[in-house]
Amino acid sequence: MPLRPRKKGWSTQFPVKDVGAWRKRPGLATGASRAKAKGTVSAYLFVLPFLVLFGGLTAYPIGYGIYISLHHWNPIVGNSGWVGLSTYAELLFDGSSLFSQQFWQGLGHTVLFVGISVPFLVAVPLIIAYGIYRAGGKSFFRPLYFFPATLSATAVTSIWAWILQTQGGAVNQILGMHLPWLVAQPWAWISIDLVTVWWTSGFNMIILYAGLTQLPKTVFDAAAIDGAGVVSTFFSVAVPQVKPVLVFVGIISTIASFNLFAQPYLLTGGGPGFSTSPITMFIYGEGFNAMHMGTAAAMAFLMGIALAAISLGQYWFARGGGQ
Amino acid sequence: MTNFHLRRTWMTAALLAAGLVVLYFPLAWMVSTALKPLSQAFDGQLIPAVPTLANFRAIFAPGSASPVLRWLGNSLLAAGASSLLVVTVDSLCAFALARLRFPGRRVVFYLIVASLMVPFIAVLIPLYEEFSGLNLLNTYWALILPYGANAFGVFLLYQFFLGVPRELEEAAMADGASRFQLWWKVFVPISIAPMVTLGLITFMNVYNDFLWPLVATTSQNMHTLTVGIALMAIGQYSTNYPLLMALTLCSVVPILLAFIFAQRQLVEGISTTGLTL
Amino acid sequence: MRQPVLAFPLLLGALWLTAGASPLPAARAKPAATKAAAATFSFWNSGPDLSTLVKGFNRAYAGKYAIHYRNIPYANETEIVNSALSAHHGPTLMEESLTPSAPYAVEGVEVPILPLLKMAGIDPARDFPASMWNRTTVNKVHYVAPVDALPTVLFYNKALFKAAGLNPNTPPVNQATFVRDAKKLTVRAKGQWGYVQEPAWPNPFLFPSLLAQFGGREANPATRKILFDSPAGLAALTFEHNTIFKWHVSPLNASNGEAHNLFVKGKNAMEMTGAYDYPIYQKALGNHLGMAVLPVIGHRPADFLGQNYWWVFKNPGLTPAVRKAVAAWFGYYYHHSLLLAKEGTIPVWLPTLKNPAFRRIAGMPVIARAVDTGVLNPLIPNWGTTTSTYLYANISLVLEGKSSVKAGLHIAAQKMQQEMATLP
Chain V
1 MPLRPRKKGW
11 STQFPVKDVG
21 AWRKRPGLAT
31 GASRAKAKGT
41 VSAYLFVLPF
51 LVLFGGLTAY
61 PIGYGIYISL
71 HHWNPIVGNS
81 GWVGLSTYAE
91 LLFDGSSLFS
101 QQFWQGLGHT
111 VLFVGISVPF
121 LVAVPLIIAY
131 GIYRAGGKSF
141 FRPLYFFPAT
151 LSATAVTSIW
161 AWILQTQGGA
171 VNQILGMHLP
181 WLVAQPWAWI
191 SIDLVTVWWT
201 SGFNMIILYA
211 GLTQLPKTVF
221 DAAAIDGAGV
231 VSTFFSVAVP
241 QVKPVLVFVG
251 IISTIASFNL
261 FAQPYLLTGG
271 GPGFSTSPIT
281 MFIYGEGFNA
291 MHMGTAAAMA
301 FLMGIALAAI
311 SLGQYWFARG
321 GGQ
Chain F
1001 MTNFHLRRTW
1011 MTAALLAAGL
1021 VVLYFPLAWM
1031 VSTALKPLSQ
1041 AFDGQLIPAV
1051 PTLANFRAIF
1061 APGSASPVLR
1071 WLGNSLLAAG
1081 ASSLLVVTVD
1091 SLCAFALARL
1101 RFPGRRVVFY
1111 LIVASLMVPF
1121 IAVLIPLYEE
1131 FSGLNLLNTY
1141 WALILPYGAN
1151 AFGVFLLYQF
1161 FLGVPRELEE
1171 AAMADGASRF
1181 QLWWKVFVPI
1191 SIAPMVTLGL
1201 ITFMNVYNDF
1211 LWPLVATTSQ
1221 NMHTLTVGIA
1231 LMAIGQYSTN
1241 YPLLMALTLC
1251 SVVPILLAFI
1261 FAQRQLVEGI
1271 STTGLTL
Chain R
2001 MRQPVLAFPL
2011 LLGALWLTAG
2021 ASPLPAARAK
2031 PAATKAAAAT
2041 FSFWNSGPDL
2051 STLVKGFNRA
2061 YAGKYAIHYR
2071 NIPYANETEI
2081 VNSALSAHHG
2091 PTLMEESLTP
2101 SAPYAVEGVE
2111 VPILPLLKMA
2121 GIDPARDFPA
2131 SMWNRTTVNK
2141 VHYVAPVDAL
2151 PTVLFYNKAL
2161 FKAAGLNPNT
2171 PPVNQATFVR
2181 DAKKLTVRAK
2191 GQWGYVQEPA
2201 WPNPFLFPSL
2211 LAQFGGREAN
2221 PATRKILFDS
2231 PAGLAALTFE
2241 HNTIFKWHVS
2251 PLNASNGEAH
2261 NLFVKGKNAM
2271 EMTGAYDYPI
2281 YQKALGNHLG
2291 MAVLPVIGHR
2301 PADFLGQNYW
2311 WVFKNPGLTP
2321 AVRKAVAAWF
2331 GYYYHHSLLL
2341 AKEGTIPVWL
2351 PTLKNPAFRR
2361 IAGMPVIARA
2371 VDTGVLNPLI
2381 PNWGTTTSTY
2391 LYANISLVLE
2401 GKSSVKAGLH
2411 IAAQKMQQEM
2421 ATLP
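Protein chains in written order, with the working numbering: chain V, 1 to 323; chain F, 1001 to 1277; chain R, 2001 to 2424.
Read the hints as simulated data drawn from the structure, not as lab findings. Watch out, some of these pointers could steer you wrong.
[Unchecked claim] Okay, the calculated bits of chain V under chain R, using three or more residues with CB under 8 Å as the criterion:
1) 191-202
2) 207-214
3) 237-246
4) 290-296
[Said to hold, decoys possible] Negatives, chain F to chain V, calculated, CB over 10 Å:
5) MET1030
6) ILE1047
7) PRO1051
8) PHE1056
9) VAL1068
10) GLY1080
11) GLU1129
12) ILE1190
13) ILE1192
14) ALA1193
15) GLN1220
16) LEU1244
17) ILE1270
No residue lacks a Cβ here, since even glycine has one placed at the ideal position from N, Cα and C.
Generate coordinates for the entire structure from the input sequences, incorporating the hints supplied.
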């Protein structure tokens, strides 16, 4: 599941957008108000199946995870003593602690990856979507460009680890060079970025293409009459007009990139050194290998808070909150 | 002028086609390597000099202890059942959140928002202990239920339901329909597209998931295809690339077939539902 | 519009059929066949697949003992085992590499293994190589017994030796001859290397080998003092560094698996790595494959032993009958080790190692000699698997030229000393 939905980010598409949508709808469920007399019991029955599953399989494990984060917790022997919030404090403020160093180092790498991946995860799909929009043939191009997004992390990384070998890898053979794609910086980050863009661009492209088709045809006609070419229309018309969709794609890509795990775990092993180890890899290592489950859980929740803060910040900026 | 534009269109199409060549090169290389014997794995040729099916024979050999077809069945069952579960449960919940008013709705909503920010890694052990306590590890329950609480799906359908015209609902209520009938006769039929999209996306994810099924299934017969193949591929330390690529190809083919079958629905579904967000 | 009508019954049907009172075999914990057995236990391993041997055991002891066997991936062993243990769902018998056993021993969840070996008629001092049995105690108690060994050896390509005017039957035996031969074998124009030093793998095999050859140790398991930051450690890593930067017999920035790939491709003449690569190299190179004990790069012969060990977890199900079953399995396994050796698993059972039939298996005499001079990782929790990440991360930085040998080892030692304090 960490190798699961986060990669594309749609598992978290809604909350960001929705927080506002919720507030903006004070008159929600007006139609249902008449039915209110029938009692709220039946409404609960609708929600119940989800709540049972959610409570049992999401809320309870999260609560238990928080409980673990407040203890020394060795997975072999379980709870070995209450420590309260001290693990959180150690992670955040104690520079001499190895765990804290890992936390900040990992968080730094994760934020770096968000910085170097999100622009590409927005721009590349937009260019493809715009190309398809202008050239036509959507029922041919769209599924073909989308297909890599259906592959599993294990399949994607097996293939790329093979073709990115320094000597004997297909990419270097074609380039006639010996670039250390997976073993030296900055190549290791470039490879992880490249693989991510290759893997997940199709998904964003579909959404951006749909955004383009929503635009009134007249804006493009007007540009054509002005004699604007494909490229200049792209910058003068397409980009500004689909901005709301771009923002949305940017936010879901940020969330997906923040959860980076499988690509470095399976491609570079987090190296060279620890230079491509994101926060998720440290959490994984501490929790399962070093058996510091409490520390790992605390790192995970701090990561969740950081992600929530960044997503809300982006949302706020996109809404013009920065002005 | 039109000629000029036509040429531009063709140029764009040519560029897009070139992009496809680049995009599909890694997959072509996987197929090519899978058809090579180990001794030629490094020859740098896209077209194998002497194509061989030896790698596939090794995987499907009757003597091989790996029940590849059983794994495929497990994957399809787990992915199919969780998709149906998600679609049903999420639709009911989204309907209530979008169209009914009841105390605690806001609490439910924010709980779901918050849950989406928690990385899965934080809940792996608690979830595992829970399934162990219920004695459900290594059963199909363990491969299906954890995907059932899909908060994302609730949001997707919630957003969709918000946009359903009020008149439809009022007409049904005037006919004396119950709330369940309202959901079943009005909301379900008009939300087929987003529900199918949600189902397909869930299917893809469950099929491709690795860590949870790896930890939750202990017997070989209960592995999913992704897990089973990964286990076959991981030799103790070293790698036989042709065999690994053949294994990877085996794991890709079912999802490719499913994609060919459902691609129109999936692509259109993401287009339409993606914009209602 | 009709799909949702089907959805509900289908869903319920599918769940009921597959997960409830299901007739499908593996859905329930215990298959019927083993119910009849008096004593059953679960056995997980991350080493070579033993399912055929386990089947043979279950047949041989049908109605008496039975094993539930599970092969787990080497790369995910700790998360699988630890989540299982946290839920009290762990195996009775576990096989992994040596150091993952340490945390369980320290936490007191393993049982001493000597009584079980005795029950199987095994005398460790007589039946296991000293290199595999000594120094495998925690608090002076033996909790683990060796299952198989993977010494570090020298692989070389005889065809390339011949082409370079070297005798294909006399591989290098010390540092001077190694460097001399590697230089002759490096042909830049052909993209051919005398040796390929990867910054990452197989250093968990190679570095401890060279360190021991120079007379050093990785750490003291009793005091948890880090010791690789020593003159011996410097000499060992300097040698690796020199192959890339001084003698230029190895490419810079080789990626993971590169030494292996180039060796298979005939573009790498020598590789020092675990014997696990033998079957695949034999397949790829045939008669051109040479294998020898590691050259003495340092002062004395030594090579790191990759290894698998097993141990028994304390759990309520460990009845006297189950103990007998475990002991019976031990005996069965070791007595079949010749059979396994023919499939490439290197035995640690001296009666097999001394068996003439074993000596006739291609490559095995070299491997048996390497087992004798083998060294193990210090028995510190997960050393060599995950604990020493700082060491190998820093070694890789050194070999990429990002850090000096001295600074790299020093930082690694500092971090790991800090890490020692957090281990069980």
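Comparing the hints with the structure gives:
Coverage of the segment 191-202 of chain V by chain R is violated [criterion: at least 3 residues with CB-CB distance below 8 Å; count 0]. Counting residues of the segment 207-214 of chain V whose CB lies closer than 8 Å to any CB of chain R gives 0, which falls below the minimum of 3, so the coverage claim is violated. Counting residues of the segment 237-246 of chain V whose beta-carbon sits less than 8 Å from any beta-carbon of chain R gives 0, not enough to reach three: the coverage restraint is violated. Given as covered by chain R, the segment 290-296 of chain V passes the check, having 4 residues with a CB less than 8 Å from a CB of that chain where 3 are the minimum.
Annotated as non-interface, MET1030/F brings its C-beta within 10 Å of a C-beta of chain V; the closest such distance is 5 Å. For ILE1047/F, the requirement that its beta carbon stay farther than 10 Å from each beta carbon of chain V is met, with the minimum near 13 Å. Every beta carbon of chain V lies more than 10 Å from that of PRO1051/F, the smallest distance being close to 17 Å; the non-interface claim holds. Non-interface status of PHE1056/F relative to chain V is upheld: no Cβ of that chain comes within 10 Å, the nearest being about 16 Å off.
No Cβ of chain V approaches the Cβ of VAL1068/F within 10 Å, the least distance being about 15 Å, so the stated non-interface status holds. Once the 10 Å rule is applied to beta carbons, GLY1080/F is consistent with being away from chain V; the minimum gap is 16 Å. Once the 10 Å rule is applied to beta carbons, GLU1129/F is inconsistent with being away from chain V; the minimum gap is 8 Å. At the 10 Å boundary, the C-beta of ILE1190/F stays outside the reach of chain V, the nearest C-beta of that chain being 15 Å off.
At roughly 18 Å, the least C-beta separation between ILE1192/F and chain V is larger than 10 Å, which holds for a residue marked as non-interface. Listed as outside the interface, ALA1193/F is consistent with that label: its C-beta sits roughly 13 Å from the nearest C-beta of chain V, beyond the 10 Å cut-off. Listed as outside the interface, GLN1220/F is consistent with that label: its C-beta sits roughly 18 Å from the nearest C-beta of chain V, beyond the 10 Å cut-off. Non-interface call for LEU1244/F relative to chain V: violated, since the shortest CB-CB distance, roughly 6 Å, does not exceed 10 Å.
Some Cβ of chain V comes within 10 Å of the Cβ of ILE1270/F; the nearest lies about 5 Å off, and the non-interface call is violated.
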